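K.L.:
Could you slot chain B onto chain A? The hints should help.
What follows is each chain in one-letter form.
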Amino acid sequence: AQSVTQLDSQVPVFEEAPVELRCNYSSSVSVYLFWYVQYPNQGLQLLLKYLSGSTLVKGINGFEAEFNKSQTSFHLRKPSVHISDTAEYFCAVSGLDYKLSFGAGTTVTVRA
Amino acid sequence: NAGVTQTPKFRILKIGQSMTLQCTQDMNHNYMYWYRQDPGMGLKLIYYSVGAGITDKGEVPNGYNVSRSTTEDFPLRLELAAPSQTSVYFCASSSSESTDTQYFGPGTRLTVL
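The listed protein sequences derive, respectively, from chains A and B.
For the first sequence, the residue numbers in this note's numbering are 55 to 166.
For the second sequence, the residue numbers in this note's numbering are 140 to 252.
Only chain A is shown next, with the shape it has when bound in the complex (with noise of 0.2 Å):
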């Protein structure tokens, strides 16, 4: 079975400045990690996704995070934010059983 830990539960920050959020997971077999927004009053939908190859993933709308194994983590960073990144995000992970674990997400709000 997999397990997320995200570990930090709220991020403030100000406009253009850079973000990083930190998610850790566990697992005994391979792991597939994603990373999922969530605007306010809507569905998640996918930032970025690592499945194998190069540790570095890039995503949507200038997000990037890296793949760490010797750390088991999966951060994520964007170096410069917008007000319209305010949103909660979610770190997940998956085995070959298809089924994603969720971590308790982490509420950036971007502040002008």
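By construction, these hints were calculated from the structure, which means they are not laboratory data.
Nothing here was measured: the structure is a model prediction, and the numbers come from that model.
Among the clues, some could well be false.
Unchecked claim - As a list, the in silico DSS-like pairs of lysine-lysine whose alpha-carbon atoms are at most 25 Å apart: (1) A/K153 / B/K196; (2) B/K183 / A/K103; (3) B/K196 / B/K183; (4) A/K103 / A/K123; (5) B/K148 / B/K183; (6) A/K153 / B/K153.
Unchecked claim - Here are a few chain A residues that sit away from chain B, every Cβ distance over 12 Å (derived from the structure): (7) R76; (8) S82; (9) Q96; (10) K112; (11) N115; (12) Q125; (13) P133; (14) E142; (15) A146; (16) R165.
Here a beta-carbon is modelled for each residue, glycine too, at the ideal position from N, C-alpha and C.
P.N.:
Positioned in the frame of chain A, the structure of chain B alone reads:
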């Protein structure tokens, strides 16, 4: 191509009432899922289906039932509503690959009083 649609968007139930949350996808996905989202808890898998006629329990199935008679539809049934079922419910679908993206519907906000 509407993706994943859910109805209703909002619903208030009294304790003991029953209801069905509807979910339809038009992407011809084999896999479908029901999650509930509680504040500060992330999403928990209730039930999932790998194809028409096949369903299985997820992490939190108690108090719910599902059926999958067609590829497109995956309704979630609450038989005896309880306050603990107050939550936001999301339906999702994906193709047969474990690496595939799950596509989510807009959610149903359910309150049980």
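K.L.:
Indicate, hint by hint, whether the structure satisfies it.
P.N.:
Hint by hint, here is what the structure shows:
{"no.": "1", "hint": "A/K153 / B/K196", "in the structure": "holds (11 Å)"}
{"no.": "2", "hint": "B/K183 / A/K103", "in the structure": "holds (20 Å)"}
{"no.": "3", "hint": "B/K196 / B/K183", "in the structure": "holds (11 Å)"}
{"no.": "4", "hint": "A/K103 / A/K123", "in the structure": "holds (15 Å)"}
{"no.": "5", "hint": "B/K148 / B/K183", "in the structure": "holds (19 Å)"}
{"no.": "6", "hint": "A/K153 / B/K153", "in the structure": "violated (32 Å)"}
{"no.": "7", "hint": "R76", "in the structure": "holds (15 Å)"}
{"no.": "8", "hint": "S82", "in the structure": "holds (16 Å)"}
{"no.": "9", "hint": "Q96", "in the structure": "violated (6 Å)"}
{"no.": "10", "hint": "K112", "in the structure": "holds (15 Å)"}
{"no.": "11", "hint": "N115", "in the structure": "holds (15 Å)"}
{"no.": "12", "hint": "Q125", "in the structure": "holds (21 Å)"}
{"no.": "13", "hint": "P133", "in the structure": "holds (24 Å)"}
{"no.": "14", "hint": "E142", "in the structure": "violated (10 Å)"}
{"no.": "15", "hint": "A146", "in the structure": "violated (8 Å)"}
{"no.": "16", "hint": "R165", "in the structure": "holds (22 Å)"}
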